[in-house]
Amino acid sequence: MGVLGCIWLVLILVFLYAPILIMAMMSFNESQFYQLPFKFSLDWYEALASNDAIKTAAIRSVLIAIATTVIATTLGTAASIALFRYSFPGKRVLQVLLFPPIAIPWLITGTAMLIFFFGIGLGRGTPSVLIGHVALALPYVIVVVSARLATFDPTLEEAARSLGASSWTVTMRVTVPWILPGIIAGGLFAFAVSFDQFVVSYFLSEPGDATLPVLIYTSIRKGFTPEINAVSTIIIVISMAIMLLAARFSNFGGDR
Amino acid sequence: MANILSQDTRRAAGLLTPAYLWLTVAIFLPLAAMLYFSFLSDVPFGPEADWYYTSENYRAFFETGTYASLLWKSIKLGLTVTVICVLLGFPCALVLAKVIQGRSREALFLLIILPFWSNSLVRIFSWAIVLRGNGVLELAVNWVLPFDIRLGLMFTPTAVVIGLVHSYLPYVILTSYLALQAIDNSLIEAARSMGAKRLTILWRIILPLSMPGLLAGAVLIFVPVVGSFMEPRILGGRFGTYYGTVIEDQFTAVFNWPLGAALSFILLAVVLVILALSSPILRNART
Amino acid sequence: MAEVVVENVTKSFGPMKALDNVSMDFPDGGFFALLGPSGSGKTTLLRTIAGFILSDSGHIRIGGEKVDRVPVEKRDIGMMFQSYALFPNMTVADNIGFGLRVRRVGASEETRRVGEALELVRLSDLAHRKPSELSGGQRQRVALARAFVTNPRVLLLDEPLSALDKALRVDMQIELKRIQREIGITTIFVTHDQDEALTLADKIGILKDGRMVQAGPPRDVYDRPASTFAAEFLGEANVFDGTREGGGLRLTDGSLIALPEGSETAQSFAIRPENLSLAQEKPNGDGIGSLQAQMVQRVFAGAMTTCVVELSDGRRMKAIALDRDMPHAEDGSPVWLTWKTAQLTPIGSEP
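Heads up: the sequence lines are chains E, B and S, in that order. Going by my numbering, the first residue of the first sequence is number 1, and it counts up by one from there. Going by my numbering, the first residue of the second sequence is number 1, and it counts up by one from there. Going by my numbering, the first residue of the third sequence is number 1, and it counts up by one from there.
So here's chain E without its partners, still in its complex pose (with noise of 0.2 Å):
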């Protein structure tokens, strides 16, 4: 029993590593139609560096998710440390608004921005993507940051009241500090909502100005090279290695 089911949490976890592996592999590897023998080349990387194209994406992504994640990691934080001080009316209807853009598939809260900012006349483009980013990530940071909340001893904070420190100072001085790690790991999960971001980014962005995944999905659609699994190598350790550090700092999942 013990045997069978190590073997096959093996077998999951070939399942899942394997096409990206593989995919990575083939980042390296010489021809440009994906033949095999494989011949290792640093060519797609190279390609890469000189594809303006690619590179314009890619900054754009990393800046509207570094935008992202300020302002859903401010807003998220003052919303969680209200949430957990204070009870007043309609709080339980707060807390369930946070459902909505984790739950509706992204599809329909993607193409209700684009109806709505066309509506208001802002239309496509990079301030809309933004304000979408933000949207979805908002409700991550609020669930973290929450969780972390929890384990905080709200006597602290009558504590330093009752030393004479104002709402403001307790607030930065004693309850920020014990959230720090929620915080962070807060943040880096809403930095991964935006640069993974692709169907919201798809609707919302001009053909001009796109998000790096939104590139790479018209580039697969009309027909791709090692060049695209170069950059998907690229972002998909980035990405990997953000989510790494936010399990640190969230410990989700973990029994310790």
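Hints are computed from structural coordinates only; laboratory data are not their basis. Backbone N, C-alpha and C define an ideal beta-carbon position, used for all residues, glycine too. All clues stand as given, with none of them false.
With beta-carbon atoms standing in for the labels, derived distance ranges: (1) E:K222 with S:S132: 57 to 63 Å; (2) B:K73 with E:G121: 35 to 41 Å; (3) S:D28 with E:V14: 53 to 59 Å; (4) E:V14 with S:S57: 39 to 45 Å; (5) B:L151 with E:K222: 20 to 26 Å; (6) B:S6 with S:S132: 34 to 40 Å; (7) B:A140 with S:S132: 50 to 56 Å; (8) S:S57 with B:A140: 46 to 52 Å; (9) S:D56 with E:F40: 51 to 57 Å; (10) S:T10 with B:T80: 51 to 57 Å; (11) E:I59 with B:R238: 31 to 37 Å; (12) B:A182 with E:L122: 42 to 48 Å.
Covered by chain E, per the in silico footprint, the following chain B stretches (three or more residues, Cβ under 8 Å): (13) 30–39; (14) 87–95; (15) 115–126; (16) 166–173.
Given the coordinates of chain E, assemble chains B and S onto it according to the supplied hints.
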């Protein structure tokens, strides 16, 4: 008392307003705008826009049957992917939660959910590399087998299912693992002390107690799969027309936004019905 | 129902010896306690008998059959867990009937036996409740009924009463004893509570650091502890030690006390506080020992009074007696500490 309460409420409002205003502008108003749009005859932008209120977009869904059958096709795809994910993922979560001990468990758990947080588009692309004709999989199979075969998996519904299972499998492992970990080991020991065999314990104790997690995972998979369009586009080829791709077309190719809005709203209704149906089961099963 | 024998069982977890050559026998139909502080190996021993832990060496026999390699589910045991481990998804009746269903006894037989078990633990009205709707005491009785309903060869209880509050615990002790007498199954329970062990068990095994320190009927173990540890763990004990001189013992304060017969070469002797008494005058008579002491403190507790006295070398002793039997001496005043020589128990050096 009333004063203190309102002061709390005011402070809370100050901290909450930015976040919820953002969500309102980016999620809730757009959903409302889409509902409004779905009752229009044409896009109401521009000086010479010519439009009127109508229910023809919804009638198109219910009368032609084309869209309905595509929705049914997407729902079947959702069910297939969900069932396969549960069958593959639950045993995996069980092994992880109840067989493997100590630090290696944490590492393996992280390894399994890591791909889930990495770029889904890139992962679908990786299957295109693996499955394509004369691709790695075919070469590997032909290398092992003595005779020459063509798998021809790329651009088939099977390829779409494989890609989607790969994308969403970690969900069901994650939720089942968390539910299984919450089952006290002494319950399993108690069942053994009463003479129960492994299969009995699985069927009578472990499965009922982890059902909420399993169901949550299933819902989390089913909902996005019904609305998927990128995966069928890349892996499905000419078989890749699903409800999601039709909606995509309305916005990016055909530019019939009101029809697209109506189709999106029908999908949203399906999603909400499923969420509503599963929520009491999830809540009951927890106690 | 069967006799259980533990023979030279050893079990290590890494470098730590959880059980070190432990032996004890549990005759058919008896009620036995494994007693010890936490980490003493008592729970490990119980789980080894159950089969959750496989011993490194030694044997476990149930009803004469060697079960060392028999898996838990085939050992035909009943076990009650400290957390009760009731299945939260099943009703009380389904919980109790689980073992019967696994044994495929048939629906009518199951209903009958579950009914009987419920009656025995006095829960017939609650058969269709879920465990979450029960009080702590009720859960404890469901767990017990579930453990014995299959008529196992041996009933194993892991800290059966520790999750209950004090008052309920005393009621449940009486209840547990009644049920065990009625069903007559060989029962072994683990506890860290000395009173519980003394109250319930026909035989007690005291463990310390993975070793069986002493095993025997409660009265023997209480009155004749084999070591300072056993003496002090089972309740309060006063210890006289010194050097042997003739037939007596020369204490560190210089006085010589008489010893009971058959004490050979022991240099330490224990006596329970209730076997020490105080007097104003030096008592006389055969087989009575006494020492001059000073009253330090009197603690009045209703019917009983505890007196702490100090010997001339500063060593303190405790005596407990009915209040009316104690002389009302002021703190600091001289008293005589007396005892019956036969009640001094030789104890070995620390094992």
